[in-house]
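Just need the whole structure built from these sequences, with the hints factored in.
Protein chains in written order, with the numbering used here: chain C, 1 to 230; chain Z, 1 to 237.
It is possible that some hints are incorrect.
Said to hold, decoys possible - Below, a list of computed lysine-lysine pairs in the DSS-like style, where the Cα atoms sit at most 25 Å apart: (1) Lys47/C - Lys61/Z; (2) Lys41/C - Lys103/Z; (3) Lys170/Z - Lys181/Z.
To be verified - Pairwise CB distance ranges (calculated): (4) Thr175/Z - Arg62/C: 36 to 44 Å; (5) Gln102/Z - Lys224/C: 40 to 48 Å; (6) Leu46/C - Gly60/Z: 33 to 41 Å; (7) Thr175/Z - Lys224/C: 33 to 41 Å; (8) Asn178/Z - Lys126/C: 22 to 30 Å; (9) Glu104/C - Thr37/Z: 21 to 29 Å; (10) Asp88/C - Asn178/Z: 27 to 35 Å; (11) Pro83/C - Glu85/Z: 16 to 24 Å.
These aren't lab readings, by the way, just hints derived from the structure by calculation. Glycine residues also receive a C-beta, built at the ideal position from the N, C-alpha and C atoms.
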Amino acid sequence: MQSQRVWLLGFWASPFVQRVKWALKLKGVEYEYIEEDLFDKSSLLLKLNPVQKLVPVLVHNRKPISESILILEYIDEVWKQNPLLPHDPYERAQARFWAKFAEEKVRESTWDALCSRGEEREKAVKSSIEALEKFEEELKLKGTKFFGGETIGFVDLVAGFISYQLPVFEEVGSMKILDSSKFPATFDWIYNFLNHPVIKDDLPAKDLMFDYYAKRSKEISDEKDSCRNA
Amino acid sequence: MEEVKLFGYWVSPFCRSVEIALNIKGIQYEYIEEDLTNKSPQLLQYNPVYKKIPVLLHNGKPIVESMVILEYIDETWKNNPILPEDPFEKARARFWANFVDQKCFPALWKTIWSTSEQYEQNKAEALERLKVLENELGGKRFFGGDSIGMVDIVANFIGFSFRTIQEALKLDVFTEDNFPKLWEWAENFANCSPVKKCLPPQDKLIANFPPAYMGKTLVSSFQSRLQLQFHPPAAAK
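Here you go:
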């Protein structure tokens, strides 16, 4: 492969991969996309990410970088146009904080809610709502179109799953997490985000996501139940 | 004039990380010890989302979450960088810092709080993680090369406190035989002056951890008393 060529190993449904695709598009970086079957991982993936064996993996100048948030940082440092992070160190710290929060508190609890049942699911739904309330508060405080200000930035990309994936989780699990009357700023943000030219043309198909996550939700919940009963 | 304050807790390796970074950069700071069973109004004001230490206050502005603080310190004070300049090497360092933080620390922490039934399984997980880390260290003196960097800093728990606690509890997780390279790294790390300055006193560390194999009831009641002070990590997914 030519040394300047950029490869992205990904999986169509992965929100982690989606973040990276959006970042590359925002920067105008050409890349080759390689779809991985996460249930039958290629030897290429295992070679490029031997520690975690996960997507996304970005390959640039023949060197692999893994972990979506680290990849976003790398992309921002290598391709300086349309910066994702602010320039000022304090503002950068705030962005990193909220990106971490979106990933660890919001996304993880919504995933837990999807992949559990009964009381465990109720608890995860409650945690998701509590986390989203903090997110809502921060959005209100900022009062801008996006977390990044008037343009999409680091936090918007990391939190982007809220806009298109969370509604699918809610439908699959018949759960109500994002109530529009309780999260007006978040809903405004979702509207702006989904209508951004880079985002709206690059989203996984809703019906395919529904089928995939319905299957995963059942598989993981069944597995948890059988571990408990073992 | 710069005003730097750090709200911390004496046993927290996350606070140690921040202190080591500040010491590497030669930054003067005021350290404020928090009572985690009775958190100060300032802590709650500066970290309303998590209400946790460490909190770095720089000229009145709070920065929270230890890894975010380390990046802030490196970007604000340019001397003695703790991250490499090259973007790929920087990404590598961040990757391994995350691995230590999210995979190694929780696994080691679990071994300390194990009951006799849980110990062997928790030990096996910890050994697996340490092996990966030992391979990454390879022939280097430190993860950062010739001087300590972000990965070394984040691994401070392995470098000092864990060995002290494991010796007191007579655990056999991190041994020189099993991990000769990491063992040597730990010796070198603990002897670096930015690290030595802020290590918790050994006797105080030992006094705060119960003997292993106390039995489920005793360990869990101790744990619930400590719950307010230091949250054991959630079970690995």
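Do the hints match the structure? See the list:
no.: 1; hint: Lys47/C - Lys61/Z; in the structure: 43 Å, violated
no.: 2; hint: Lys41/C - Lys103/Z; in the structure: 22 Å, holds
no.: 3; hint: Lys170/Z - Lys181/Z; in the structure: 21 Å, holds
no.: 4; hint: Thr175/Z - Arg62/C: 36 to 44 Å; in the structure: 38 Å, holds
no.: 5; hint: Gln102/Z - Lys224/C: 40 to 48 Å; in the structure: 21 Å, violated
no.: 6; hint: Leu46/C - Gly60/Z: 33 to 41 Å; in the structure: 49 Å, violated
no.: 7; hint: Thr175/Z - Lys224/C: 33 to 41 Å; in the structure: 35 Å, holds
no.: 8; hint: Asn178/Z - Lys126/C: 22 to 30 Å; in the structure: 42 Å, violated
no.: 9; hint: Glu104/C - Thr37/Z: 21 to 29 Å; in the structure: 25 Å, holds
no.: 10; hint: Asp88/C - Asn178/Z: 27 to 35 Å; in the structure: 45 Å, violated
no.: 11; hint: Pro83/C - Glu85/Z: 16 to 24 Å; in the structure: 18 Å, holds
In summary, the structure is inconsistent with hints 1, 5, 6, 8, 10 from the numbered list given earlier, while agreeing with the others.
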